[in-house]
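Visitor: Here is how the chains run, residue by residue.
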Amino acid sequence: MSDIKDIIKEENLVYKKTKVLTDNVMHYCPGCSHGVVHKLIAEVIEEMGIQEKTIGISPVGCSVLAYNYLDIDWQEAAHGRAPALATAVNRLYPEKYVFTYQGDGDLASIGTAEIIHACNRGENIVVFFINNAIYGMTGGQMAPTTLPGMPTSTSPYGRDVKTTGQPLVITELIAQLPGTNYVTRQAVHTPAAVRKCKKAIRKAFENIGQKKGTSFIEVVATCNSGWKLNPVKSNEWMVENMFPVYKPGDLKDE
Amino acid sequence: MAKVKGAIKVDVEKCKGCGLCVVACPSKVIDLAREVNGKGYNYAYMANPDACIGCANCAIVCPDSVIEVYKVKAEMA
Numbered sequence: 001m002s003d004i005k006d007i008i009k010e011e012n013l014v015y016k017k018t019k020v021l022t023d024n025v026m027h028y029c030p031g032c033s034h035g036v037v038h039k040l041i042a043e044v045i046e047e048m049g050i051q052e053k054t055i056g057i058s059p060v061g062c063s064v065l066a067y068n069y070l071d072i073d074w075q076e077a078a079h080g081r082a083p084a085l086a087t088a089v090n091r092l093y094p095e096k097y098v099f100t101y102q103g104d105g106d107l108a109s110i111g112t113a114e115i116i117h118a119c120n121r122g123e124n125i126v127v128f129f130i131n132n133a134i135y136g137m138t139g140g141q142m143a144p145t146t147l148p149g150m151p152t153s154t155s156p157y158g159r160d161v162k163t164t165g166q167p168l169v170i171t172e173l174i175a176q177l178p179g180t181n182y183v184t185r186q187a188v189h190t191p192a193a194v195r196k197c198k199k200a201i202r203k204a205f206e207n208i209g210q211k212k213g214t215s216f217i218e219v220v221a222t223c224n225s226g227w228k229l230n231p232v233k234s235n236e237w238m239v240e241n242m243f244p245v246y247k248p249g250d251l252k253d254e
Numbered sequence: 001m002a003k004v005k006g007a008i009k010v011d012v013e014k015c016k017g018c019g020l021c022v023v024a025c026p027s028k029v030i031d032l033a034r035e036v037n038g039k040g041y042n043y044a045y046m047a048n049p050d051a052c053i054g055c056a057n058c059a060i061v062c063p064d065s066v067i068e069v070y071k072v073k074a075e076m077a
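Line by line, the protein sequences are chains A and B. No gaps in the numbering here: position 23 of the first sequence is 23 in this note's numbering, and each next residue is one more. No gaps in the numbering here: position 51 of the second sequence is 51 in this note's numbering, and each next residue is one more.
Hints in this document: simulated from the structure, not taken from any laboratory. Keep in mind that a hint or two might mislead.
[As the list claims (entries may be wrong)] Footprint (simulated), chain A over chain B, 3 or more residues, beta carbon under 8 angstroms:
id	stretch
1	10 to 19
2	41 to 50
3	62 to 73
Ideal placement from N, C-alpha and C gives every residue a C-beta, glycine not left out.
Chain B on its own, in the form it takes in the complex (with noise of 0.2 angstroms):
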């Protein structure tokens, strides 16, 4: 049985850590990190990455469009 995994892939510096992925993520994939950018935001980052289903919901909601999604279709074990 084939599952779809993903990926994000946040531009850290441009983030603003407005915070509208995490809660538009369905699959709770997203986080704000402890750690700030150059600019004191604290980012987004995958915290559970296995969960990530690349259906973009972040990204369309992201107002800086920092955010790019892989998907791949991988084979279960």
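With the rest of the complex left out, here is chain A (with noise of 0.2 angstroms):
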């Protein structure tokens, strides 16, 4: 039986941090999807090897810094302006590939008329919609995209729907649009859906060059801060509730 040492060499090696990520190490809470997904969305651009010509648009909320831990070029849009900046970026440099990257408070909340008009007029950008159904920056407030019945700390009783409606399904509505060329809802807590996740970002990229108009990736994410749940536990609340109600697949392939 040969030992560990043997095997761990630097011939023998099959899977290491991407360089596009940088050795910052993430200021979010153990177990966050944010960190899945800009180590997928990072694998993509190197793979790609656009890492010169991808502009990111990070949004308001805990991926705020998202700029320190992609080596890329980015932005920083006011809360719920990252399709609006996206849209001026990619008019101005048509051939570099632009990027939203957006949580559901951002998104789904304060830049609903923003993300509507921005797929409605099919940008060429990529927009990638963190769900976890909570404000988890600023303490786990409820949200639009919040479940019925569930708690948070501004409804301690769970989320009422008579005053306060039901969940916001915005990738639904996204993928009515015209302008919109891919719209797929993801999520990244097996290795598998990671793979599949992967795939559906690099899809979307690719749809960036091919000047196809807007890719829109929800990724259906755990807050396990905010719900107050171990992060392994999260990611089976996740699979029981969170699913049912946002249903992972594609919903507009062109």
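Reconstruct the complex from the two isolated chains, following the hints.
Guide: Quick look at the structure:
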């Protein structure tokens, strides 16, 4: 039997952190889905060799500091206005790969107008929508995407649908707009789901190169701090409760 | 008969001990250490190194990209 020291050698390496990710320690909580999605975006950028041609638009929310972790060009948008900023960047630099990275508080709440109109105009961008059904950064308040009956810090007895409405399934709305080309909902809770999500991200970035219009990728994510669960339990809770409302799969692929 | 043997290297100081790699591992190689790193997290380590097949599932689900995976084809005795 070979010793571990004999296995850990440069020539036997099968997986390591991509160079597009910086060496900064991420500020996210342990087990946060943001880290996985950052990594997948970085890996796709490295595989496609578009590091010099990619411009990211970071939102307001937990991922506001995404520019510290991906070694590409970034712009920081006002709250919810990432699609508007991406429109401007894309029109000034049509040959660049422009993407926005937004959470559900940013995209589905304050930025609803911007995302609907950017997708309706069919801007040639990729939109990443990280949906964890809660405002993670500010302390776990109720978001438009919060599930009925789900307790949050501003709905301690659970979301009351009589006064606050049903969860906003924004991806289904987006899929109806003619400007969008590829609309999908993914998750990153298992190795298989992560691989699938990476394929979707790759496809979305390739769509930019072919000038096909807006690609929209929702990632159903966890917020273990906001949900008051541990990372492993959060993933189980997500499969049990989030997936019936936010069903993973392709909604539109033209 | 050739058998695939793997090993992982965890960046102990960057690991946040979330435990997602522990459940992602198909051959139950990884566990969280009793000791903690500089930030007070129980970091991941190879508790059962002989079972590792180098599938890289742990590294793929790791949110902080702290796991490197190595793999060799070893001859079975």
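Visitor: Under the constraints set out in the numbered hints, which ones does this structure not fulfil?
Guide: Structure breaks no hint.
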